[in-house]
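Asker: Chains A and B are the protein sequences, given in the same order.
Under the numbering used here, residue 391 is the last one in the first sequence; the count climbs by one each step, no gaps.
Under the numbering used here, residue 393 is the last one in the second sequence; the count climbs by one each step, no gaps.
Treat the hints with care, as some may be off.
Listed next, the in silico DSS-like pairs over lysine-lysine satisfying Cα-Cα at most 30 Å (straight line) [what the hints assert, rightly or not]:
(1) B:Lys105 - A:Lys227
(2) A:Lys114 - A:Lys126
(3) B:Lys203 - A:Lys114
(4) A:Lys177 - B:Lys238
(5) B:Lys250 - A:Lys110
(6) B:Lys203 - A:Lys64
(7) A:Lys240 - B:Lys105
(8) A:Lys64 - B:Lys250
(9) B:Lys238 - A:Lys48
If you're looking for bench data, these hints aren't it; they were derived computationally from the structure.
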Amino acid sequence: MGVPLSYSFRNLWTRRLTTILTASGMALVVFVFAAMLMLAQGLQKTLVETGSNDNVVVIRKGSATEVQSGVDRYQASIIETQPEVAIGEDGQFFLAKESVIIISIPKRGTKQENYITIRGIGKSSLALRPQVKLIEGRLPRLGTSELITGRSVAERFEGSGLGETLRFGLRDWKVVGVFDAGNTGFNSEVWVDGDQLMQTFRRYAYSSVIFKLRDPSQFDVVKKRIENDPRLTLEAKRENRYYAEQSEMMSTFLRILGTSLTIIFSLGAIIGAMITMYAAVSTRTSEIGTMRALGFQRKSILSAFLFEALLLGLIGGLIGLFFASFLRFLTVSTMNFQTFSELAFDFTLTFDIAWKSIAFSLIMGFVGGVLPAVRASRMNIIESLRAT
Amino acid sequence: MFILKILIRNAFRHKLRTLLTILGITVAILAFGLLRTFINAWYGGVEASSASRLVTRSSISLIFHLPLSYKDKIRQVDGVKTVSWGNWFGGIYIDEKNFFANFGVDAKSYLELYPEFILTPEEESAFFRDRKGFVAGQKLTKRFGWKIGDTVTLRGTIYPGNWDFVLRGIYRGRDETIDETQFFFHWDYLNETLKKRGSPRTDMVGWYMVGVTRPDRATEVALAIDNLFKNSIAETLTETEKAFQLSFISMSQTIIMAIELVSFVVIIIIIAVVANTMSMTYRERIGEYAIFKTLGYRGWRIAGMIVGESMVITLIGSFLGIILTFPVAVIVGKMLSNYFPVFNVAEDAIYMDLAASIVIGLFAAIVPTYRSVRIRIADGLRRIG
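Okay, chain A solo, but in the shape it has when bound (with noise of 0.2 Å):
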């Protein structure tokens, strides 16, 4: 028979401030792993969400970037006429020669500079990305120094709100709308008219053609075709798989820096439980033989103390996850060194997030918990009892 399991809560309960002490270790200890997860998390769900899958983004070869990317207006008109781009309802081509560029400008409040990135859109740049959407203002005629601004630019950035001005490229550009592009990495660009920017920095070529399939399964047919071309020196990515590249080394920097923090971290909230359980035990010597005595067999001690230990990370990875749960609510901004621009994204948890937290309370309760458990189960009845 084994030991009732309300023996293992009312113990916890008995020594409030140790188990207070013990679980806010493992908690802190959850809240970081979590936290680093999330993040990691938050940064990959913007990228890919970021592209659609749909849609395929023409670079030069061997770019990484749009930014480091060329595509001359000769290319681009190959690339128009290929006949898996989709038509518009408009009769146009659902295509966009874009030129991406970056400007530094300095964020509210500060004169600290950041990178940001400058998009210059065409006509169907808009109705390829249709979660962009305009929430203050209106879109910029096309012709004119006006430009849009993503909602986290427009948030943080100096100059960049609506009815406010930029200035670069010996211009002034107008702010005539904010768009939200949800969780997207769109929220940190500027969208001017591409004609218009490309004159302002004397570019000559595109950065990128993004286009929309006709049928996605089309994909690698005018992939083979545009990189066996003789004419093009340009390779392309299916737009999500594009944005999800850039994040890569962001997303692993962060989960290798997070596994690794949160390990180290552990061994000092084991250490603790190790500490309480075995206080736990030594305490209770008497009991133990008593219950011993009354015929409990040293299976049910060692489980009955293996789940005190076990409650002890659930509670402490609970108390870790109810708060690391808040940090949803924060927007993180910064530099992404591949694409060398400010990106911004949210904390994120997800179902899979929540349960690893939970799971690796258990296990740090269980493994804080082992020892002191076999040595309960081990003691000898007549030892114990003598005990006082």
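Mind docking chain B on chain A? Use the hints.
Answerer: Here is chain B on its own, set in the frame of chain A:
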């Protein structure tokens, strides 16, 4: 001395518990020290920068280039001693994972401006004579096993194609703060090849490095240079090398802040663990404290014993942790050498460690001390631990 003996004896009355606590503190202090070192490594480039060097770049952003003709104009500015220039090449060696900084520079003036890169005179002249030659840092050549005379091919990302370079010199840093993982080659090689290809990007420079005659004139010279090119197509932004390096770091500030925060979390975790140990100790000895009080010891004496014991345990643990930081930092530094060229344990990190351990020792003792001072003799004696 007698007091210390009592404290140590007391601390080790429960050997297993105390050893576990010490182990926990050791791990925590080790982690704290490493995180501090990590943050220092992030700022590595800033510490190595010189006060007498300015960087002039396009005011729009680093991806825009400046005309080569600016070099003569900058040279004419009063207070300028040397002008050198370079372009970020962004080449990939075999695979993207093998990242290292590589750029084309004007060789003679560059080496003149950076005396901290030490080359032998033979290597220097061999590098100057070979237009396809390059110089790499000691750590980088060790990483890939390059020897003098080897040909290294980089795949261009900004400048397409495969580019061959011949290793002509291996530089060493003047001291350990100098980055020994850089790769630089002749800017002329890049420019001439682009010209041959008919690229419109010829005679364009990524940034100028400007050496000033006296460091205290740096701001004045920087302003003079920027004024020179105001209202042109390529306006410039000139700042000290330190500010230039800092601007890179400030962009990834969020990550640094997160790491900094996390480094304090580990301290809080360990405070909880030590506080737990101390509160158990206190519970077991309530009767003793009551007896002390009966004998006439004041509350502060008893408080001193508890705080002292907490400090003894913490300091032993952090002492071990600090000693371990050095060998572990060497191992971690080797593992992270791709990301952080310089990874040394700074003096500050040690001071921070010591401060942290005092904080741990004091905070962990607060609750037990408070209780022991407040306890009434009769209650203490009555209680059965």
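Asker: Could you run down the list of hints and mark each one as holding or not?
Answerer: Evaluation of the provided hints:
1. B:Lys105 - A:Lys227: 26 Å, holds
2. A:Lys114 - A:Lys126: With Cα atoms ~35 Å apart, lysine 114 (chain A) and lysine 126 (chain A) exceed 30 Å; violated.
3. B:Lys203 - A:Lys114: 39 Å, violated
4. A:Lys177 - B:Lys238: Holds, at about 22 Å.
5. B:Lys250 - A:Lys110: Within the cut-off at roughly 20 Å; holds.
6. B:Lys203 - A:Lys64: It holds: about 21 Å lies between the C-alpha atoms, which stays within 30 Å.
7. A:Lys240 - B:Lys105: 20 Å, holds
8. A:Lys64 - B:Lys250: 35 Å, violated
9. B:Lys238 - A:Lys48: Violated, because 42 Å separates the two Cα atoms, which is more than 30 Å.
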